[in-house]
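Participant: Below are the chains, spelled out letter by letter.
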Amino acid sequence: MAAFFGGGGWRDGRSRCDGLRRGRGYFRRRIVNIIDELADHLALAAEDEAVKHGRSPQGAWQHAIERFGNPDAVARKLWWDAMRERVMRDWIQTGVAVVSAVVVVLVAVLVVNSMKQMQVAQVQLIEALKQMNQPAAPAGETLDVEVHRGSEAGPPAAGVGVTLFGKLNQDTSANVSLNTDAQGRVRFSPVPQGVYRLTFRDPQSLLEMQMEHSLFAGVGSTVTVVAPDSVPVEKQFKLESPLPFPNDRVVVAAHISTDDTLIAGNKWHCSTSVIVGNKGLCDAPISGAMHSPAYQVKGEPVQSVRIPALPLSVFVAAGFMDAAGKVATVEQGRRQTKTYDAGTQVITVGLTDPQSQQAERLVKDYLYSTRWLGNSWDVREAAQRGSQWTVDGYLIKAIPVTEVESVAMVESGEGKASLTGKGVRLREKYIYAGSPGLPAIMKLPDLAGLNKEYPPNYRFLVSFGGMTGGELFFWRGDQWLSEPGATFEVALQQMQVDPLSFGSHLFDITELIRANADTVAAGVLAIFTMADEGIFLGESGKDREQESNKEAFPYLLVVSDTPPADL
Amino acid sequence: MDSQLLAGTLEMLVLQVVSPEPNYGYAITQEVIQRSRGYLELKEGSLYPALHRMEREGLLESYWVDAGPKRRRKYYRVTAKGLEVLEHKQSEWRRFSAAVDGVMGAADAMA
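Read top to bottom, the protein sequences are chains A and B. Each residue of the first sequence is one higher than the one before, counting from 1 in my numbering. Each residue of the second sequence is one higher than the one before, counting from 1 in my numbering.
Excised from the complex, chain B in its bound form (with noise of 0.2 angstroms):
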């Protein structure tokens, strides 16, 4: 898959998967892979920056939890900003894929 493709849907992405309930990193990962089945992998490298950076901006909020000897789990939430957000990101990329699709649709027909 073309990284900047995916780098311009990480946020919504992300924004989606812990929409529903908290959740943290690895999890994130785990969720896009298996909802995109195994098309699309969130590299670490860029989900975490992003995760940081939505939580100073206040889409995400954070909170911790034990998750055995010596070990705590970070997870995010969506907050009331993120969820307004994500609608916006949600309409935009339906209305940009639908007008890709139809693009693509009508080329595939003069094909």
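Chain A on its own, in the form it takes in the complex (with noise of 0.2 angstroms):
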């Protein structure tokens, strides 16, 4: 075994161990400890043979490595016997590192290829959004629109209004009119891709006609259209009225379009607003031709328009208008009638239902309308002109309170209170209960003082303005009532309420109360949209008070057929 010592190494083996012995390490310190065991016990043995045999020291020594076997094999199972768990550890320890370097490698190369992909997605990202951000590319295509007259073949149509509108992107608009040519033609250049509106007016026939076309990029197009040959004519407007309405005063916007007629497969037609009238400029729009609050229409008054000659239709608002060429709209969709005659050409406009009684609810509408109702200023300024005024027959009387004999105050309890008199509208809760200065409240009772006052065909014309939850309500005998047409009594006559009308808004319910054949006077539930300081009647009467009128409402408006002889 000549790994360790060879032969009769073992003899010397301390000493030739020395290099071992010098080196350091756990298993440099093992093969010492083996070798230095069993050369103590060689020794021993060689010792115990050279005395107890009497050998010479070499013999002893052969003879105890002879008796002891291989010691040599004897060390290397030793060793390995005791490296063998360490050797095995070590190995595990060793593999286990190795395999964890690999994993470590293995992980960080792939986090170093996501992050790489993650950076190349990011860049792609990045340009697709800059791609997506970027604003459209202006595309330059050409859009040609030829006109002709008639038909495809028939002439340029010179002077056609062309728009061509359509939203570009979500903020931005196209909307470029241009006139044809003389050769009918009219070029929009550059145009981006996209579907677009094109409208058509045509001046000669003064019909107009829409389209849409798709505008495709890098291919630009040409829109053939035909336009009518039709002239239009002259259309008159007659006024009617079955009341003496001075037609001066009066003025009508009428909206009126016709039919479409098909023309080479587009639809052309017309539409227009006039005022219709014959005396000063229409400088405040009347609204509601179109049965919509929203419309309005203002102009030179006209008796005649020019249209196409086709079926019509005709939407119309009334209004009246004053010297200054301020209008006041009256409630459309209600007094309105408006016929076309095609043989004459002739558009009525009936101002009024004749069958109706609503001839009432016109004076209504024009005192209401001229605010001499919402407005004391012009009660005020109407007195002073003359205490009296006539609306087509019908005597307006502003009575100053300082005049009035009586007052009546209903009373109300909860604040429902409202007040009858001469002039004067009171709330006994709300305004002057007490208040110095003003006729004692009396009971309804008291407006019998009006009876002895004015002739049987009186009317007053009176505001209904208190409100309770939002309806109307009248005062009959002992209770409020909320219907409308309820009778109730009132200065001691039987009395009909013919409300024509009810709104939520305390200046749409100023109402026309009609006694009946055998009422001789009209106690009126006054509760005026105005009164003293113009405070409103209703449950939230405190809130309204700040936002009323504050000027003083001293009179009470009288309605006469025939002007009384002691006014």
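The hints are simulated quantities; they were obtained by calculation from the structure and are not laboratory data. Treat the hints loosely; a few may be bogus.
To be verified - Footprint (simulated), chain A over chain B, 3 or more residues, beta carbon under 8 angstroms:
| hint | region |
| --- | --- |
| 1 | 34-46 |
| 2 | 76-87 |
Said to hold, decoys possible - Keeping only pairs whose Cα atoms sit at most 27 angstroms apart, straight-line, the calculated BS3-like set for lysine-lysine is:
| hint | chain 1 | residue 1 | chain 2 | residue 2 |
| --- | --- | --- | --- | --- |
| 3 | B | Lys43 | B | Lys89 |
| 4 | B | Lys89 | A | Lys52 |
| 5 | A | Lys235 | A | Lys167 |
| 6 | A | Lys238 | A | Lys167 |
| 7 | B | Lys43 | A | Lys52 |
| 8 | B | Lys43 | B | Lys70 |
| 9 | B | Lys70 | A | Lys298 |
| 10 | A | Lys116 | A | Lys130 |
| 11 | A | Lys267 | A | Lys235 |
| 12 | A | Lys52 | A | Lys167 |
| 13 | B | Lys43 | A | Lys298 |
| 14 | A | Lys167 | A | Lys130 |
| 15 | B | Lys70 | A | Lys235 |
| 16 | B | Lys81 | B | Lys43 |
Backbone N, C-alpha and C fix where the C-beta goes; we use that ideal spot for every residue, glycine too.
Given two chains presented individually in distinct reference frames, assemble the corresponding complex, making use of the accompanying hints.
Facilitator: Below is the structure:
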């Protein structure tokens, strides 16, 4: 076993392993220990041989080794037994370390690769976003439009207005208007691709037409349109009214729309609005011609209109225009009739339906629209002008409070109070309850005083302003009623309330009350929209005080078919 | 002597020899020869691997003692765990020996 000492090296093994002894490490120490232990054993055995059997040192050693067997093999086995666990543990640790290192390296590689891929993806995403955010490059397409008169083979239609409209993006729209040239052509360029609306307005026929057109990138296109060859006609307006309203004070907003006419696959039509009248500029809009409060039209009143010779639809709204051109709109939709005679080509607008009982409403509307009821200033002014005026035969009288002998107050209790009286609108609860300088509050029967002062054919124009839960209410006997048309006693006489309209707003519930045939007088629930200090009555009376007109309204308006002799 | 019989009792014999006092390999072989009156002779090729294995198993512990110029000697002493194992092996050996004696005595009587 030359690996350790070879041959008889065990004899001086102690000195032979000095080199190993000087070394370091676990393995080296184990080797030295084994050698030392076995060498001591052999030395002891040799010494025993020499002593017991008188052998020479060489012979004793030789005998000891032979008796021992193979010390090299024993030493190798001892070393391996001692080192096996350590070696195996080291191998396992080394293997684990190597595997761990490999795993770490692989993970690192994967992470690096993932980061690189993410970076690449991010760069691609950023580029994509940049491209998305970049405004669409303006395309340079050309859209040519050709307009011919009568047919596609007809002559070019010059002067036709063509409007190109389209949304370029969420915030930008294209809206370009051009007129066709002498060749009936117009060119829009450059035009981005997209869907556009083309509007054609033909000054010759007064008809217009709309169509859609799609423009694709890289493809220019030409649109050919056939314009009507018709000629508009003059149509007269005839304003009719069963009431003797002075025509010079009435204007009508007329919205005229023709039926469609199909020309070369496109629908042409005409739509226009005019003010019908015979005097002055209508500088205030008349609204509601299209049955929509938002619709307004104003301008120079006309008596006729040029329009294509096509079936017509006419919508009108009436208004009253004063000398200064101020127009008050009468509520539309209930008082107008209109006809169109294709033969005479006359548009007839009737302001009222003579079969109905709406004449009084017109009076009310007139008063209301001119704010003689809604504005105490007008009333005061009117009173100063002579205290009375007529509206188509109706006498309107503003009676100053100071001329009123009696005032009646209707008890109401829970803030529903309203008053009646001759020109004074009191609010027991909200306004002048007990205030100095005003007539004393009286009971309902005190309206009989009115009965004594005015002839039986008088009518009192009153306003119902008291609101309970948004409803109009009346006093009848000892209770309040809210239904329209209620019969209630007032001024000791039976009185038929004929409210013509109702509204949620106080200004809209100004009403005319007509007495029955045997009514000699009308004491009224004069809950005026404007009372002393202009305070409204209502459940939110205090709030309304803040927003109402503070001007006094010391008048009672009296309407009569004939002027009372004593007024 | 049958080496297999000796191998089966080698651990017990070593623990028995070193249990009174620490001893080293060569002395252990001599002690066994002396106590067995020359009948049992431990081979070094078996003794030292057994000593080192018993040391790793915690039955023995060792220490070194200088034995002269450039010589040192490794002593083994039994641990508490080694004493428990020794007692267990002694008990087992006595029961085994009695059983063998019993069998062998009956055989002798029959003969």
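Participant: Taking beta carbons only, do three or more residues of the region 76-87 of chain B come closer than 8 angstroms to chain A?
Facilitator: Contact hint for the region 76-87 of chain B vs chain A: violated, 0 residues under 8 angstroms.
Participant: Quick check: do three or more residues in the region 34-46 of chain B have a beta carbon closer than 8 angstroms to a beta carbon of chain A?
Facilitator: holds (count 3)
Participant: Does the alpha-carbon distance linking Lys116/A and Lys130/A stay inside the 27 angstroms limit?
Facilitator: Cα-Cα ~21 angstroms, so holds.
Participant: Between Lys238/A and Lys167/A, does the CA-CA distance stay at or below 27 angstroms?
Facilitator: violated, 44 angstroms
Participant: Is the hinted pair Lys167/A and Lys130/A satisfied, with a Cα-Cα distance of at most 27 angstroms?
Facilitator: holds, 22 angstroms
Participant: Given the hinted pair Lys52/A and Lys167/A, is their Cα-Cα distance within 27 angstroms?
Facilitator: It is violated: about 126 angstroms lies between the C-alpha atoms, which goes past 27 angstroms.
Participant: Holds or violated: Lys267/A with Lys235/A, Cα cutoff 27 angstroms?
Facilitator: Between Lys267/A and Lys235/A the Cα gap is close to 23 angstroms, so the pair holds against 27 angstroms.
Participant: Does the alpha-carbon distance linking Lys89/B and Lys52/A stay inside the 27 angstroms limit?
Facilitator: Violated, at roughly 35 angstroms.
Participant: Do the alpha carbons of Lys43/B and Lys298/A lie within 27 angstroms of each other, as the hint requires?
Facilitator: Violated - the C-alpha atoms of Lys298/A and Lys43/B are around 136 angstroms apart, more than 27 angstroms.
Participant: Hinted pair, alpha-carbon criterion (27 angstroms max): Lys43/B, Lys70/B. Please report holds or violated.
Facilitator: Measuring from Cα to Cα gives roughly 26 angstroms; hence the hint holds.
Participant: Quick one, are Lys43/B and Lys52/A close enough, alpha carbons at most 27 angstroms?
Facilitator: The given pair, whose Cα atoms are some 20 angstroms apart, holds under the 27 angstroms limit.
Participant: What's the verdict on Lys70/B and Lys298/A, does the C-alpha distance respect the 27 angstroms limit or exceed it?
Facilitator: With a Cα-Cα distance of about 134 angstroms, the restraint between Lys70/B and Lys298/A is violated, given a limit of 27 angstroms.
When held up to the earlier numbered hints, the structure conflicts with 2, 4, 5, 6, 9, 12, 13, 15 and fits the remainder.
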